[in-house]
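**Student:** Turn these sequences into a full structure, and let the hints steer you where they fit.
In order, the protein sequences belong to chains A and B.
Residue numbers for the first sequence follow the working numbering, beginning at 1 and rising by one.
Residue numbers for the second sequence follow the working numbering, beginning at 1 and rising by one.
If you're looking for bench data, these hints aren't it; they were derived computationally from the structure.
All residues carry an ideal CB built from backbone N, CA and C; glycine is no exception.
It cannot be assumed that every hint is accurate.
Unchecked claim - Restraint ranges, calculated between C-beta atoms of paired labels, are given here:
(1) Ser297/A x Gln77/B: 46 to 54 Å
(2) Glu110/B x Gly312/A: 37 to 45 Å
(3) Ser297/A x Leu112/B: 26 to 34 Å
(4) Gln228/A x Met138/B: 52 to 60 Å
(5) Arg146/B x Gly42/A: 37 to 45 Å
(6) Pro321/B x Lys133/A: 53 to 61 Å
(7) Leu112/B x Asp267/A: 30 to 38 Å
(8) Arg310/B x Gly163/A: 30 to 38 Å
(9) Glu155/A x Arg255/B: 44 to 52 Å
(10) Ala9/A x Pro295/B: 51 to 59 Å
(11) Met138/B x Pro287/A: 31 to 39 Å
Stated by the list, open to error - Taking lysine to aspartate or glutamate and the DMTMM-like style, the derived pairs with C-alpha atoms no more than 20 Å apart in a straight line are:
(12) Lys280/B x Asp313/A
(13) Lys183/B x Asp293/B
(14) Lys210/A x Glu30/A
(15) Lys280/B x Asp265/A
(16) Lys24/A x Asp165/B
(17) Lys285/B x Asp201/A
(18) Lys280/B x Asp201/A
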Amino acid sequence: MDTATAHGARTGVVVENLHIAHRKRGQLIEIVRGVSLSVAVGERLALVGESGTGKSLTARSLLGLLPPPTFVSAGSIRIDGIDVVGASDAQLRRVRGGIVSFIPQDPMSALNPVRRIGRIFDEVLVRHCVVSKAERRDRIAHVLSGVGLQQVVLERFPHQLSGGMKQRVLIALALVTEPTVIVADEPTTALDATVQAEILDMLSGQLAQKVALLMITHDLGVAATVCQNIAIMYGGTIVEYGPIHSILGAPGHPYTRGLLAAAPDFDPDRPCLVPIAGSPPVAGAFPPGCAFSPRCSSVGARCQQEPALAGGDHQIACWFASRS
Amino acid sequence: MSATGEATLPPHPRPKTATTPLLEVAGLHVTFPVGGRRLQAVRDVSLTINEGAVFAIVGESGCGKSSLVRAICGMYQPSAGSVRFRGIDVHAPGEHWRQIRRGVQLLFQEPLPSLNPRHTIRRIFWEPMQANRLASDMREVEADMRAQLASVGLGAEALDRYPRDFSGGQLQRIALARILLLKPQLICADEPVSALDVSVQAQVVHLLERLRVEQALTYLIISHDLPLVSRIADRVAVMYLGEVVETGPADVVSREPQHPYTAALRSATPVARMDELQRKRIILKGEPPSPIDPPSGCAFHTRCPIARARCRTEKPALQPPPGGGHRVACHFPGEMGNA
Numbered sequence: 001m002d003t004a005t006a007h008g009a010r011t012g013v014v015v016e017n018l019h020i021a022h023r024k025r026g027q028l029i030e031i032v033r034g035v036s037l038s039v040a041v042g043e044r045l046a047l048v049g050e051s052g053t054g055k056s057l058t059a060r061s062l063l064g065l066l067p068p069p070t071f072v073s074a075g076s077i078r079i080d081g082i083d084v085v086g087a088s089d090a091q092l093r094r095v096r097g098g099i100v101s102f103i104p105q106d107p108m109s110a111l112n113p114v115r116r117i118g119r120i121f122d123e124v125l126v127r128h129c130v131v132s133k134a135e136r137r138d139r140i141a142h143v144l145s146g147v148g149l150q151q152v153v154l155e156r157f158p159h160q161l162s163g164g165m166k167q168r169v170l171i172a173l174a175l176v177t178e179p180t181v182i183v184a185d186e187p188t189t190a191l192d193a194t195v196q197a198e199i200l201d202m203l204s205g206q207l208a209q210k211v212a213l214l215m216i217t218h219d220l221g222v223a224a225t226v227c228q229n230i231a232i233m234y235g236g237t238i239v240e241y242g243p244i245h246s247i248l249g250a251p252g253h254p255y256t257r258g259l260l261a262a263a264p265d266f267d268p269d270r271p272c273l274v275p276i277a278g279s280p281p282v283a284g285a286f287p288p289g290c291a292f293s294p295r296c297s298s299v300g301a302r303c304q305q306e307p308a309l310a311g312g313d314h315q316i317a318c319w320f321a322s323r324s
Numbered sequence: 001m002s003a004t005g006e007a008t009l010p011p012h013p014r015p016k017t018a019t020t021p022l023l024e025v026a027g028l029h030v031t032f033p034v035g036g037r038r039l040q041a042v043r044d045v046s047l048t049i050n051e052g053a054v055f056a057i058v059g060e061s062g063c064g065k066s067s068l069v070r071a072i073c074g075m076y077q078p079s080a081g082s083v084r085f086r087g088i089d090v091h092a093p094g095e096h097w098r099q100i101r102r103g104v105q106l107l108f109q110e111p112l113p114s115l116n117p118r119h120t121i122r123r124i125f126w127e128p129m130q131a132n133r134l135a136s137d138m139r140e141v142e143a144d145m146r147a148q149l150a151s152v153g154l155g156a157e158a159l160d161r162y163p164r165d166f167s168g169g170q171l172q173r174i175a176l177a178r179i180l181l182l183k184p185q186l187i188c189a190d191e192p193v194s195a196l197d198v199s200v201q202a203q204v205v206h207l208l209e210r211l212r213v214e215q216a217l218t219y220l221i222i223s224h225d226l227p228l229v230s231r232i233a234d235r236v237a238v239m240y241l242g243e244v245v246e247t248g249p250a251d252v253v254s255r256e257p258q259h260p261y262t263a264a265l266r267s268a269t270p271v272a273r274m275d276e277l278q279r280k281r282i283i284l285k286g287e288p289p290s291p292i293d294p295p296s297g298c299a300f301h302t303r304c305p306i307a308r309a310r311c312r313t314e315k316p317a318l319q320p321p322p323g324g325g326h327r328v329a330c331h332f333p334g335e336m337g338n339a
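**Tutor:** Laid out in structure tokens, this is it:
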């Protein structure tokens with residue numbers, strides 16, 4: 001029954017020293033530069049960063065879905081022991097949707113508009129070798145009740161559902177093949193605040209406990225609501241990585257501190273909306289050394305060289321991490 | 001071209017002196033015909049925005065906030081009620097519309113689609129100036145263009161470039177400069193920073209605040225972001241299904257919401273702080289009802305966690321609660337606040 005068992009134990013995802021690049025006029029331009037992370041089954045990790053940091057490319061590489069001409073130029077991705085980087089097309093077809101599911105940002109454009117919801121579910125299950133009609137019906141009923149939807153939605157077309165219902169359908173679709181890993185790319189950005197709260201509640205609750213969840217977001221608040229661990233990306237690398245309470249309680253990297261100070265909150269006694277000067281670097285034109293150094297307020301001579309991610313549970317890539 | 005940081009001006013608190021009304025909206029209804037029925041996008045909204053103020057409208061998609069702003073700008077004809085800008089009825093026929101169109105400017109959420117990709121910044125600046133007959137020749141206003149670019153923190157070399165040459169934050173500055181060249185009194189900004197990166201959002205917020213003081217502007221800001229609004233606005237109106245359900249000082253409304261919908265909205269907003277994460281969240285069930293067929297009584301009763309029999313039949317008025325405070329349209333104000 002479980003598609004994953006055919007390939008070995010459900011261990012989750014391990015990414016080591018991942019580099020993603022594209023070639024421009026014969027030159028190799030690196031967009032993701034040495035990302036390492038791991039998410040075990042039952043864990044939830046948020047990859048947080050601004051536009052152009054390479055967080056979405058990192059996520060897409062887990063499904064072997066990098067948009068050409070970008071490609072994995074170095075490093076490895078292993079999911080349940082399968083090497084995704086070197087996988088054949090046939091292997092990737094089993095991985096996508098079977099072992100790794102994807103929840104997209106925009107639920108409006110992710111469902112085939114001329115198919116009823118029930119048929120979309122059937123297509124996914126048949127593709128992943130669940131051929132008995134009774135078993136399909138059981139599985140669909142199970143995931144639908146998990147996301148709080150009624151059976152009648154199976155009769156509906158996507159345009160008959162609201163944005164929040166569509167996103168719940170997509171979460172159910174991601175769960176129905178019983179994958180090991182779910183990659184959610186900004187799953188609530190297109191939704192209203194009260195609907196977002198409902199979806200975040202779902203992702204952080206019972207529902208996603210049997211998977212490894214990798215969530216991509218630009219919003220530290222969303223990350224903190226859903227995940228136990230956070231990786232902050234800047235300029236194609238992870239600059240801070242650790243448990244949520246540790247990062248919120250004692251942010252170590254100047255960029256993380258800047259992000260927290262820039263976001264508004266309700267506490268009138270706390271300074272907020274403190275801008276970080278300049279703008280995020282453009283992929284392919286990352287500053288030399290520490291990518292954050294041109295915007296950093298406490299920059300020193302050592303920042304000419306790129307600092308490595310160091311530390312125990314809570315890792316920071318900054319030469320002055322211990323001082324700050 | 002790096003964007004300048006605006007590190008000097010604290011956005012809050014701010015002296016609030018002006019009390020002259022710039023914009024008065026009274027009993028405004030906006031209705032659209034939909035297949036023989038009527039969609040009530042805005043229902044009986046009244047509000048006053050004083051000169052120099054920052055007024056925010058908060059609500060989710062479909063609550064009527066965009067229809068309200070379009071009616072204020074004169075783009076939609078109201079089915080009832082009136083909008084007065086500096087005492088002049090915006091919707092009355094006459095030649096004054098050109099003056100109102102120039103005085104009330106719109107700043108959009110996404111700067112890129114609002115700027116013609118094939119035009120240089122100079123031409124993007126010139127077109128609205130020409131349309132408003134501010135000058136007969138582009139050369140007359142060259143100095144104004146340079147000065148306005150400088151005021152948003154960009155150099156004069158930007159004039160010969162194209163929108164594609166700039167980052168999102170820089171484009172929002174350019175969109176702002178284009179508006180400011182028309183010397184408006186009121187800027188209606190629809191989610192002015194939500195498309196920008198977090199680290200850049202604060203820069204634009206500070207810029208808006210500095211320009212408000214320097215160029216004597218008044219802002220009407222539409223946003224879904226309650227924490228942001230609590231920091232940058234003087235007053236806020238929370239809308240649900242076409243109606244204002246709560247209105248008052250922005251920091252008070254967002255910190256101590258009296259209406260259950262505002263309380264839910266506040267609770268739903270994810271804030272990256274440990275004490276906020278430990279709060280119990282209010283999760284609203286169901287979807288907002290259709291504005292074609294709004295519920296009886298209080299429009300929020302179908303999703304309200306504290307709704308009672310009275311809420312289904314009797315419509316609550318927007319008024320201060322018995323104990324005093326800001327206006328709220330709820331029979332049981334404050335019961336769900338500060339959850």
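**Student:** It remains to establish, for every hint, whether it holds in the given structure.
**Tutor:** Quick rundown of the hints versus the structure:
At roughly 52 Å, the beta carbons of Ser297/A and Gln77/B sit within the given window of 46 to 54 Å. Here the CB-CB span from Glu110/B to Gly312/A is close to 42 Å, well matched to the stated 37 to 45 Å. At about 30 Å, the beta-carbon gap between Ser297/A and Leu112/B stays in the expected band of 26 to 34 Å. In this structure the supplied range 52 to 60 Å holds for Gln228/A paired with Met138/B, their Cβ-Cβ distance being about 58 Å.
Taken as a hint, the range 37 to 45 Å is violated for the pair Arg146/B and Gly42/A, whose Cβ atoms sit roughly 59 Å apart. Between Pro321/B and Lys133/A, the C-beta spacing of about 58 Å keeps the proposed range 53 to 61 Å intact. Roughly 34 Å separates the CB atoms of Leu112/B and Asp267/A, a value that falls within the hinted 30 to 38 Å. In this structure the hint that Arg310/B and Gly163/A lie 30 to 38 Å apart at CB holds, the actual value being about 32 Å.
Judged by the Cβ atoms, the range 44 to 52 Å given for Glu155/A and Arg255/B holds: they are separated by roughly 45 Å. Roughly 52 Å separates the CB atoms of Ala9/A and Pro295/B, a value that falls within the hinted 51 to 59 Å. The given range of 31 to 39 Å is respected by Met138/B and Pro287/A, whose C-beta atoms sit roughly 38 Å from each other. Between Lys280/B and Asp313/A the alpha-carbon distance is near 28 Å, which puts this suggested pair outside the 20 Å criterion.
A distance of roughly 42 Å separates the Cα atoms of Lys183/B and Asp293/B; the hinted pair therefore is violated under the 20 Å criterion. For a cut-off of 20 Å, the pair hint linking Lys210/A to Glu30/A is broken: about 34 Å separates their Cα positions. The hinted pair formed by Lys280/B and Asp265/A meets the criterion: a straight-line CA distance of about 17 Å does not exceed 20 Å. Using a Cα cut-off of 20 Å, the hinted pair Lys24/A and Asp165/B holds, with the two alpha carbons roughly 19 Å apart.
For the hint pairing Lys285/B with Asp201/A, the CA-to-CA distance comes to about 12 Å; that is within 20 Å, so the pair holds. A C-alpha spacing of about 11 Å is found between Lys280/B and Asp201/A, which places the hinted pair at or below 20 Å, so the restraint holds.
Consistency note: the structure conflicts with the earlier hints numbered 5, 12, 13, 14.
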